[in-house]
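Engineer: Residues per chain are reported as follows:
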Amino acid sequence: HAADKKLTVGFAQVGAESAWRTAETESIKSEASKRGVNLKFSDAQGKQENQIKAVRAFIAQGVDAIILAPVVETGWEPVLREARRAKIPVVLVDRGIKTADESLFATLIASDFVAEGRMAAEWLAKKTGGKASIIELQGTPGAAPAIDRKKGFEAGIKAHHEMKIIASQSGDFRRSGGKEVTEALLKGSGASVTAVYAHNDDMALGAIQALEEAGKKPGTDVIVLSIDGVKGAFEAMVAAKLNCTVECNPLLGPMAFDAVEKALKGEKLPKKTVVQDRVFDSNSAAAELPNRRY
Amino acid sequence: MKFSTRSQNLPLYATMLVLLALFSVASLRYEGFFSTRVVANLFSDNASLGIAAVGMTFVILAGGIDLSVGAVLAFTTIFTATLVQNHNVSPFVALPLALAIGTSFGTGMGFLIQRYELPPFLVTLGGMFFARGVAFVISQESVGITNATYDKVLEFGVPLGAEASLSATALAFIVFLIAGAVLAHFTRFGRNVFALGGNENSARLMGLPVGATKISVYAISGFCSALAGVVSTFYKGSGNPADGVGFELDVIASVVIGGTLLTGGVGTMAGTLTGVLIFGTIQTVLNFDGRLNSSWLRIAMGGLLLLFILLQRFLSRHTAAVR
Amino acid sequence: MMNDPFARIRPWFSGASLLWPVLGLLTLLVFNAIYAPGFFRLELRDGHLYGTLVDILNQGSKVMLLAIGMTLIIATGGVDLSVGSLMAIAGAVAAVLVTQAALPFAAIVGTTLALTAIAGTANGLLVAAVGIQPIIATLILMVAGRGIAMLITDGQIITFEHAPLVFVGNGHLFALPFTVTLVLLTLGVTSLATRKTAIGLFLESVGDNEKAARYCGINTTLVKVVVYAFSGLCAGVAGLIATSNIKAADSSRVGEMMELDAIFAVVVGGTALTGGRFTLVGSIVGALLIQTLTTTMYNLGVPPAVAPVPKAIVIVAVCLLQSEKFRQQITSWFGRRQA
Amino acid sequence: MSEPLLNVRNVTKAFGGVKALDGVGLTLRPGEIHALMGENGAGKSTLIKVLTGVYTPDDGAMQFDGRVIAPRSTREAEAIGISTVYQEVNLVPTLSIADNILLGRQPTRFGFLRKKAIKQRAEVALARLGLKLDVSLPLNACSMAEQQLVAIARALDIQAKLLILDEPTSSLDEREVEFLFGVLRRLRDQGMALLFVTHFLDQVYAITDRITVLRNGAFVGDFAAADLPRLKLIGAMLGRNFEELESADSDPSPAITEKRATFLEAQELGKRGVMDNVSLSIAPGEVVGLSGLLGSGRTETAKMLFGVLPPDRGSLSIAGQRTSIRSPRQAIRLGLAFCSEDRKSEGIIPHLSVRENMILAMQASRGPLRLLARSEQDQIAAHYIRALNIKTASAETPIMNLSGGNQQKVMLARWLAMQPKLIILDEPTRGIDVGAKAEIEKLVHSLRAQGMAVIFISSDIEEVVRTCERVVVLRDRRKIAELSGAEVQPNRIMNVIAHHDE
Ligand SMILES: Nc1ncnc2c1ncn2[C@@H]1O[C@H](COP(=O)(O)OP(=O)(O)OP(=O)(O)O)[C@@H](O)[C@H]1O
Ligand SMILES: Nc1ncnc2c1ncn2[C@@H]1O[C@H](COP(=O)(O)OP(=O)(O)OP(=O)(O)O)[C@@H](O)[C@H]1O
Ligand SMILES: [Mg+2]
Ligand SMILES: [Mg+2]
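Taken in order, these protein sequences are the chains called X, U, A and Z.
When the letters of the first sequence are read in order and numbered with the working numbering, they come out as residues 1 to 294.
When the letters of the second sequence are read in order and numbered with the working numbering, they come out as residues 1 to 323.
When the letters of the third sequence are read in order and numbered with the working numbering, they come out as residues 1 to 339.
When the letters of the fourth sequence are read in order and numbered with the working numbering, they come out as residues 1 to 502.
Same shape as in the complex, but just chain X:
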């Protein structure tokens, strides 16, 4: 490798389904242009097959490295073996993969979804003194964040016998889904709700609207908490409608390219770098809002 030759990196992104995702893409793109890297971007529209195709196309083009944001945790071994055979290092971002063979990727830079769910549960327990009737707004069935955030949250409330999930439905990670589901649950099985836990901010923002329309005061009558920490969530917290969001940092660009460069130099990398996620609530929101770029 000539040192002065421009580096080519392929980035296989899941899609553009949420503000969070767009922020991640933006972060990686801007970091690439900052470092003068020739970035090949692919948007898989939420489908693993498309992502695999993209990775294989990157390999066929002979890119120097690949950044992959895997849409699910399994099903990568064959294609990653191919990358390894072609001696192309792969950096995983935002979500891990399940494999027995850790040599398939250089490193993983990601948040811990289970931890996020647990942090949300812990925050809620503290806030309510361990007493809550909760509506859970799940993400898309089968999606790793949805599964893990549910798991983490359930584990978190286990110790508190008076915290109960009274209804749990999927809002498909969408604003409209969050609204529709909350609206329906408020009239049915979730009528006695005291807290709404959403797997992402978008659904929480939808739920807030549904609560308002039902004549309840989100943030006061019903506690609303969610995960991701996008700008809209901070605005809602400042307006005292959302109580808490657990940050899931999408700005992985700098770390990802650091890892790429190290991997290309042959340096040894830790297999996993967990991005430290913070919990923000109405108290810390106002101070943080100006810093939010996404």
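Don't read these hints as lab results, they were simulated from the structure.
A hint or two may mislead.
To be clear about the criterion: a stretch of chain A counts as covered by chain Z if any three or more of its residues have a C-beta under 8 Å from a C-beta of chain Z, and this derived list gives those stretches [to be verified]:
(1) 188-198
(2) 203-212
Derived coverage of chain A by chain X (criterion: at least 3 residues anywhere in the stretch with Cβ under 8 Å from a Cβ of chain X; other residues may be distant) [to be verified]:
(3) 155-164
(4) 233-247
Glycine included, each C-beta is placed from N, C-alpha and C at the ideal position.
Chains U, A and Z with the ligands: place on chain X using the hints.
Structural biologist: Positioned in the frame of chain X, the structure of chains U, A and Z with the ligands alone reads:
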């Protein structure tokens, strides 16, 4: 004055020409595009799509539609993955079982459609929901497969030059496409399918086994969807209940791009292959380009699709006029 | 000749019998009455009706609107996959305009709907003039349209607090959500336009036997282009509602998979995918059927991952109910048992 | 006398309120050609469909070859030895001719089709009917008559004990009919039984041994052809005297009255790949016939004039004005009407009612916004149902539920209601019963009297001669002669067609 005897094949030739043009332009534009590796990838990456498309071709030729393919694929992947991985069932048992379930499922839908004269759109939509739901009942999470047989299959490959090799999945696609082509074009059953789609009432009055043929095409499609699922487990080494969402549209689109009429009775297996490859090539081209953002990527995809379909129309019309 | 007492009103309900989809819907409602307490509870709050039934009407309004446009397209033997993406475009355009341009609201709505109608026209031209199969012609816009919507909003979710636009999806009129008025208005105008003029007859002729219709002097190309444009318009209104509903333009997600819901509504309602006779009221019933089904799942607390299974069972059950063959078989079984 | 092969007793079949068959019987013996006769809507096709398992009878019993039968599908009927050609050509237009002939019984080897053998067998099957076609062409490239022959070839290809032909000759001209009859006689001599429906009385007497007559779904009688003179047959079918209609039959071709200004003048019209060359002119009050063998381009000529196949050379003027017609819409606006020979795919809108089918062209010419008042529609429908004696349960019955002949009458009504200046009738009497045929001839005369121009296409040369004052003869897609006045004689036309080159 004599009429061209093969005018009905013109759209197919036009489609192939379009694929060729697409491939040539991309080869000139992108370094590394013109390689056996890209061609081999095209076949292995689109093996599931292609196999499901073979089944779908039969259904569409017979004048029906099958929306359940994506869900059946998902069901098959998670079913086999769970059996093999979590219950230590041998793949030699799990895979035939999965295929049998897929086939019976298709047969069941076909039976409802045929026996009670229900609209295929609704029945297979129901089938789609059902298979998807059951897939999630089996497991909500994806399951990775680590199994010696799987590894062996994964390592298998017919070398194509130094760089590339044709994987087992790609081979499965090619074999089933040929089998499908033979069944569609060289057997009585195939002709009956065409007749059924061309005019169901006539087919009945001509004494053809309309009921059996109708049920069979859905059975074939069920089998192919399950096979696509099996191939997908080999392709990825995992099963996922959330796989193949929206897959049915890709499959239908590839078949129809290949010149098969959605109204039934007209089409070819070769066309389906071309359709699948056009679909795959457009994706590969966009991946090779890699400069478009998410919005432009979608626009470009639609635009390319439009361009090629217009080209295909124009070519088949123009050549027809010249004759 | 026999005297047909319903001859005059029949065309309004032509197509298959409305009885069976309505029966399906009623069954579902009865089921809810038994298993979902409070389903039928309605209260008046601030002069608005409030309750699950109202929600179903409100949430179902989008699919109902799409289904109205889709019915006409299906009647001509076509199909429109692009409606979901057109909804996204409508939402994106409206949101960008209300947040960035100081235009009167009427102009904003006008621009938005004009754009989606033009997009629909493009679909129509591809189908009718170029002769591309409807499913592919509209697939193009389905893929590209979402990209266009994302381009308009720059991939972001654009939120707004513009009162008139918020009213479209959240306001109330005559104690009911405004969306109900929109649906009724569209349904009324479309029914009148198809049944009080010859448009309905032309649509059915084109769908039933296009060649014969052309030989009768019907401008089949024009007929088709018009229905696709109209479907674009309906999708535009649905997009405005969806966007207004959440006070945000969510280009990448809005209207996803809704084309399937709309087609489902039309087919369950009794209009055959092969074209010909159509029933708008049937499609509305079909749309209400899916929305009720979704709400039922929420109410019963069916885990979202397995919710598709009962949904599938309901779909097939409604289908079987509609099937004359099936009813005959049931009667014959019943008869045999009695004998 | 031999044992009956088929014995049908007391068969009854109702559709909703309509009794299509009411206690009908039928007896067929091996080695006999049997005609099934009756007016349009008498129940002939329904009886055939009951026999062959398309419909299940409500009541009655059927015996075939000594066994009681109750076939539930055409397939079963074929299996027991009944081969059928249904009234509407029931083939698959998108498949090749060869496929259509052999579908379901193609020769195979190890389960694979033997394409060469298929082609050969199809060609042989067609050759038996005196037809030579490229059998790899799709069926939709064939004219109506060719399609009809293909359907017959298909039915002849299997070894059956009973062959049923429902109006096999409705599109055929004499030559094909002769060929077909030759084949049928041979089959009879081999001991096959044949059941045969036609509205051509000459054909009945030329070939049948026995005749069963139906009227209004009821059995009238089973007669030996030799014992049943024409008039009695007609009387049995119609249930009334036929003298008046018979007189129309012998009407001489009326002399050309005073010459009026030409309405339409076509010169050297042609279209690449469709028609070579045809010139034709017609004045108001004139009836011009197009004659020629099958495939000679009569239908194509009509379609060129009507804008379905816009010509790419030659000139056309209407009412003295040079125009070119690019679409049916335009043709209709200029006062043309075209009643297609292919009513199934170019005529009826199957699910729409009789009324809607009748007013459709009229409504189309008014545009979508000016809906014909419902009362007016009802009136038109009632008028033509009465005038053309259309047998239908009501004006609101979907047209697909009508018998073939009655559908044809609705098509005529559709175009007559337009009051066009020029009407092109392509095989207007196809599938129409004797009574109605005479009525249609009368109708053409009255149209002429009203000053309408009529282009009349028919395979029945006698009919052409009776109705037309001028005849344009086509061959091989070009005009070869024009006969007028006294020259309009069956023999002359035949001669011109046969010996033009010599
Ligand atoms: N599927 C159907 N539904 C309702 N009525 C029907 C149906 N098929 C036939 N009929 C009615 O049954 C009667 C007999 O029809 P059929 O077709 O047997 O007449 P046909 O003798 O063959 O007449 P044609 O000479 O015109 O062919 C007609 O009045 C027709 O309207
Ligand atoms: N689209 C087409 N492609 C190829 N050949 C066609 C097509 N349409 C018609 N033909 C051929 O044109 C010839 C003339 O058909 P046409 O319908 O004009 O015959 P005709 O003189 O009206 O006779 P008849 O209708 O009595 O058979 C037929 O032999 C048919 O094979
Ligand atoms: Mg008949
Ligand atoms: Mg003809």
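Engineer: For each hint given before, does the structure comply? Return the numbers of the non-compliant ones in rising order.
Structural biologist: none
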